[in-house]
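Q: Chains as they are written, first to last, in the working numbering: chain A, 1 to 443; chain B, 1 to 329; chain C, 1 to 334.
Keep in mind that the hints were calculated from the coordinates and are not lab data. Incorrect hints may have been included.
Said to hold, decoys possible - Quick list of in silico lysine-lysine cross-link-like pairs, DSS-like style, CA-CA up to 30 Å:
(1) A:314 to C:76
(2) A:438 to B:263
(3) C:76 to A:438
(4) C:86 to C:76
(5) A:314 to B:89
(6) C:76 to C:247
(7) B:89 to A:440
(8) A:440 to A:314
(9) B:263 to B:281
(10) A:283 to C:86
(11) B:263 to B:294
(12) B:156 to C:86
(13) B:281 to B:294
(14) C:76 to A:440
(15) B:149 to B:132
(16) C:86 to A:314
(17) B:263 to B:283
(18) A:84 to C:76
(19) A:314 to B:156
(20) B:256 to B:298
(21) B:281 to B:298
(22) B:256 to B:294
(23) C:86 to B:150
(24) B:156 to B:132
(25) B:256 to B:281
(26) A:314 to C:247
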Amino acid sequence: MDKKRGETIWTSLDRKATAIAEFTMRQYRTRLSTWVVLGVGFLAISVVLLFYIDAMNTEIEAIDNDGDSLDWDGDGYVNGQEYKYGTDLNDPASHPGLFDPPIDPEPASMYINEDDYDWDYSDGSRLEVGIDDDGDCNNSSLPESLKDDNNDGTPCNIVLEYDSLSGSYFVYADPYVDEDPDEDRYGKEAQHRAFILGVGKLGFVFLLSIFVPLFLATGLIRDEMTSGTMQYMTAKPIARGEIFLYRMLGYLAIVWPYLLVVCSLLAIVSGFMGPGDQIFRFKDLGVWFSILIAALLATLVYGMLFAFLGVLWKYGIILALPIAAWELGMALLSMTVPESTFLRMSIVGWSMSIIDSGAYLVWPDMALFTQKGAWAGGTGDASFFFGGGNELPGYRALEWAQSDLGLGLGPYATTVLSVVVLFCQAVFFWFIGQLIFKSKEIV
Amino acid sequence: MIPDLAQEGKAQQQAWVPEAQAPVVMLNNVGKTYGRYQALGGISLALSGGVTGILGLNGAGKSTLFKLLMGKLQPTQGEVRLFGTNPWKNPAPYARVGYVPENENMHDWMTAHEFVSTFARLHGLTRDEAKKEANRVLEFVGLSDVMHKKIGRYSKGMRQRAKIAHALVNDPDLIILDEPLQGCDPLARTTIMNVIRELGRMGRTVLLSSHILSEIERITEQIVILHQGRLLAIGNLHAIREQLDNIPHTIEIECKDAKALAKDVLSLDMVHGLQFPSSSKLKVFTHHLGEFHKRLPKIIVDNEHDVMVINNPDDDLQSILGYLTGGFR
Amino acid sequence: MTEESPIDVSTPVTGQGRMDAAWGSETGDHAAVAQSVPQTGQVFEQVYVPWEGALNPRWMRNWAIFRHHVLGIVRKGHRPWGVPTKLVLIFVLIASMTDVALTLLFAVIGEPSLYELWGVGRNNLYAHILGFFPRNMLFYPLVAALLVGGVISEDRSNGTSALYFSRPINRFDYVGMKYLAVATIQSFIIIGTLFLYYFVDILAMGRGWAWILDTFPMFLTTVFCAALLIITYTSIGLALSSVSRGKFFPGIALLAVLLGTKTLAAIVEGLFERSILYLISPYDSVAHVGQSLIGTNVIYEHPWIWSLASVITINAISLYVLSVRVSSMEVTRE
């Protein structure tokens, strides 16, 4: 037979692929249920987004972590001001108003959030940070030895030492340094990061990536086989494995753009709404990108898996339900124990590690940042002052949503490995799926 | 692999080469059982060219036979060959086959044109070629005026024709139609029959199944009779009937004066017996149907009988099956 | 017969002859060929015999529908529930009797500290009905999903609703009995095992009247909460079954509603420490009501009356959808 230039076996394969993929897309487009499923998914994600917007627009109530805005003796001068002038905090007859010339009392608000964190991140394992913004360490009457409580030679600073074993920092602080952080500033940033990670992990990679394939992919082959319309397609010169694959392509052509749209919407809204000096937080786009990649791969693998289960058995969906439950368990596990070996036997575990590496690359200071929340100006779990448990707002959310790299590899290696594993899973499910499809009799 | 996004160029044929000497359809001792139910038991058959009607009652194994040919089912015994290739293992011969399934479900959400052109592209046609081919075959089956309407709104006859169009789109050498006339009104039947006859005249091999003999009769005389999964007869319909001449044929004649006609008919020596179901009806029993039909017109014309209907009621499937399986029906 | 048939598209339509062709038996086509229009006519004598039988009372007809569905679980010749459905029902029935088994075990061993852990108590009664893992995550929603799966939607897609509607029953009998049947089967599993649990405890531990009087109100409250849970699951499930077609779609949709809203609310609680979104989760609303009524630890921040209102609203919306869909359902194959 005469071949034109550019005519290969691929071009005709490719025609079949586009034909079936287009066919599948059109089929899904004409079904109301597709739009209901996608719409409900969008709605669910939007609800979380609304809570996020609300949180970003709500001022977090400032807490006086060091208690210097109180007026213990009721003389009109708050403790911080009395402390600054060296008068007795507990004696109403001793306050700066009795000085000559008398000093007017300062408002209590001056002593709330007056000494914020000055912890600059660098990747060294020992950091010397902290500036005593309000001067209650530098200018206090404490002896020099007490001003350098951590014995690093510099008074009124904080030393952070990174513990690579636990992945967190030890805080060695001099007294009254960075002791009254700005809750709003920390909380907004923490909630912002927690939102991105939480929505990315549980919203995208778990909720959307399981339920959308459960609705859309299980019937890819099975529905056609039950209704008998598969007769038309299998009577054409095309292998069953190809049908399986190309139907999948059509499904992906619906689901992937959908994920892209939802993800972009969230990225744009949170980029503008998020805290910070710049108008748009461009850096977060890296995390959103890793979330998108993870969700795309997860929908691919789940789609292949559920379509395969649909081919395997008329009641394949019943097999899919325990799997979905297992994946939910694995999703929660990956957020608490990311290094667990069970996760290697799941799909969601590998997808989550892509997000974790993305977050690790974009926010290298995450360990430092969570430590800030935990330390809470010396009143958090790292201190004895207020009995601990006074973490900054947003810390718990961040701690819940964030997890470390669980594979013991660097972020790039983790991403590459996870992507490869997910692809292999997809190919594996496709392979058994088409083997079983080939051996099925179409009645 | 570079995707052919522009979809330009000419359609390419499959690299599959059919066996030159093989019959189009060959079954060698093919059997198919579902659990303990035997749908087909050891059928051997080879067909090439012409229109062949597969006849059988419901459940005789006609659809099973077709599904085996189309590789939908795996034979429990024997071998199936389509252009010399095993269709269960290799879908390549479908490039030369068009199949109209019995199934009534269709992709109701598509228009007939979309339906035909989409499936044409599975033969490796480009988008434009597929559209052109779809126009051609839909014109051929007479759906060109409604081809941009959703299939879900079609009547049964139109759906059948859309199915036939989709099977013809690759210009196949073998066309398999499973109950193409089922549920169609007379007009649609006539159209579909004309289409099938036309295909036969074009030299295609056509296989069609039915449980109604008169339908098949109007299309072809070459038949295969299946009964309870077994091959009962194969060959020319009338030849088969002639072979059963030891059993009398029945001819039903409706006329004004049955008694008068009977008198004249009795003069023919091949007449075996007579019966009067009513005053205007006459049943004639004979062993030599052909001979009788040759002589009958002369009698009618000579004696000026007013004959309205001449019918061979037992030439239909039921009675042939009855004879073949050994009982009168 | 062998000649080319003269009927084709151009043949004139001649009324009677054409009718014969269309409605005649298998030889109809050629009847149209040679037959002229018959000139005879015939008048049939019409005799109508009024039906004088007595219709069974309405409840009896409804009982037949109900029985048909419930008995289908155990017997052939009634509604054919799928084999997987039956397997899952048996599995869940056994799995939800773990506390019964443990109570018996520890009563036999006679170790009071272990017994305290598993015997009848406020928390254990609550957990038997409303515990999330594994009962309301894996067992009860799955049972509800499989039961509601095809109950109405299969009738819709197969056109078998006509079998009901051509009988002297109305649509609300039809859907009401399906509702009751599905709820009853769930009750066998959920409330049945609860009763078993309670009575095994009484028998095994030799409880006296004082203990029974003491715990019975708590037990009744638990039964009430279980009924609330079953009603809520069934309402949502049947509403979904009435708006969709196919066997599995309503089932997946029910699971998506139950677990999806729960996950969503958990995300919001985890991120923003607000429990208010649990109001959209049917399970959590029932659980909150249950916690307050039975008197266990309440883990939600909003008042429980809101949850009660939410449960009522969810049921009302579902039943409204169900009744609207059923009353407008076309008796055909959709």
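Q: Hints the structure violates: just list their numbers, smallest first.
A: Numbers 2, 3, 10, 12, 18, 23, in rising order.
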